[in-house]
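So the sequences go chain by chain: A and B. So the first sequence is numbered by our numbering: it starts at 1 and just counts up by one. So the second sequence is numbered by our numbering: it starts at 1 and just counts up by one.
Read the hints as simulated data drawn from the structure, not as lab findings. Take the hints with a grain of salt, since some may be wrong.
Here chain B is said to cover these stretches of chain A; the calculated rule only asks that three of the stretch's residues, wherever they fall, bring their Cβ under 8 angstroms from a Cβ of chain B [to be verified]:
id	segment
1	31 to 43
2	67 to 79
Below are the DSSO-like pairs computed for lysine-lysine, each with C-alpha atoms no more than 27 angstroms apart in a straight line [claimed, not checked]:
id	chain 1	residue 1	chain 2	residue 2
3	A	Lys102	A	Lys38
4	B	Lys54	A	Lys44
5	A	Lys102	B	Lys43
6	B	Lys54	A	Lys102
7	A	Lys38	B	Lys54
8	A	Lys44	A	Lys102
Over 10 angstroms on every C-beta distance to chain B, these chain A residues come out as not near it, computed from the model [what the hints assert, rightly or not]:
id	residue
9	Ser6
10	Ser13
11	Gly15
12	Asp16
13	Pro49
14	Ser62
15	Asp104
16	Ile105
Even for Gly, the Cβ is constructed at its ideal location relative to N, Cα and C.
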Amino acid sequence: IRLTQSPSSLSASTGDRVTITCRASQAISTSVAWYQQKPGEAPKLLIYPAGTVQSGVPSRFSGSGSGTDFTLTISWLQSEDFATYYCQQYYDFPFTFGPGTKLDI
Amino acid sequence: EVQLLESGGGSVQPGGSLRLSCSASGFRFRDYAMGWVRQTPEKGLECVSAIGAKGADTYYSDSVGGRFFISRDNYRNVLYLEMTSLRAEDTALYYCAKSTPVGNRPAPDAFDSWGLGTMVIVSS
Numbered sequence: 001i002r003l004t005q006s007p008s009s010l011s012a013s014t015g016d017r018v019t020i021t022c023r024a025s026q027a028i029s030t031s032v033a034w035y036q037q038k039p040g041e042a043p044k045l046l047i048y049p050a051g052t053v054q055s056g057v058p059s060r061f062s063g064s065g066s067g068t069d070f071t072l073t074i075s076w077l078q079s080e081d082f083a084t085y086y087c088q089q090y091y092d093f094p095f096t097f098g099p100g101t102k103l104d105i
Numbered sequence: 001e002v003q004l005l006e007s008g009g010g011s012v013q014p015g016g017s018l019r020l021s022c023s024a025s026g027f028r029f030r031d032y033a034m035g036w037v038r039q040t041p042e043k044g045l046e047c048v049s050a051i052g053a054k055g056a057d058t059y060y061s062d063s064v065g066g067r068f069f070i071s072r073d074n075y076r077n078v079l080y081l082e083m084t085s086l087r088a089e090d091t092a093l094y095y096c097a098k099s100t101p102v103g104n105r106p107a108p109d110a111f112d113s114w115g116l117g118t119m120v121i122v123s124s
C-alpha cells in the first residue's frame, strides 16, 4: 500500500493553522497513524487511529479521514511544532510510511 | 517509563551479517507486538519486520524477506533482528519500536514508543 503526502514541505508562522494530507493507494479504513519527528530524534506518535489524538499530545493536533484520504491539522502552530510529519498505514503488512512533510518557519 | 535500547549496529561488508538487539523495560514486554523500522534520508521510514507478542507471528517487508529474521526473548525482554546477506541498500538507522495495544491480534498496529536507533553501514 503506497502512501503519498502533500505538501512535501510547508512554510508557516506561529499561530497559523496548517493541514497535511495523506492519500493511500487503496482503501485502508481508519488504519492510519501520524508521527512527528524532529532532527536527531525518533518519530513520536501523535494520532492513532486516523481521528484519535494520543494521550499527552496537545489538543491543537487533530486528525481525520477514512478510506483513502486522511488529514493532519495543527490549529495554532507553536514553535515546537516545526518538524517533519509522517503518516503510516497499519492496515496490512508491510506497513508503509508516507514520504514526510517538512514544516518549517 | 518505556525504554527501548538498541545495540549491535556497525559497519559490515556486503554479504555479511549482523544481529541487532533491543533491550526493553518499563512495560510488560511479553504483552506487546514489536517491530523494527529503518530510516534513511533517501528512502525515509520503512518497517522491515514485526513480531507478535508471543513470538509465533512474524512479518517482513519484501526488501528483507528471506534475509532478515526477527525473534524475541520474553524472559529477558529482548527483541532481535538477525540480518544476513547484507546489501548496501540496507544501510540505515534501525529503530526498535513498541506497538500500541492490539488485544489478541498478533500483528502490531502503530508504534507508540521508539528507541534511539542503531546505525548499520554496509560498505566494502
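- Message: So, against the hints stated earlier in the document, which numbers end up violated here?
- Response: 2, 6, 7, 13
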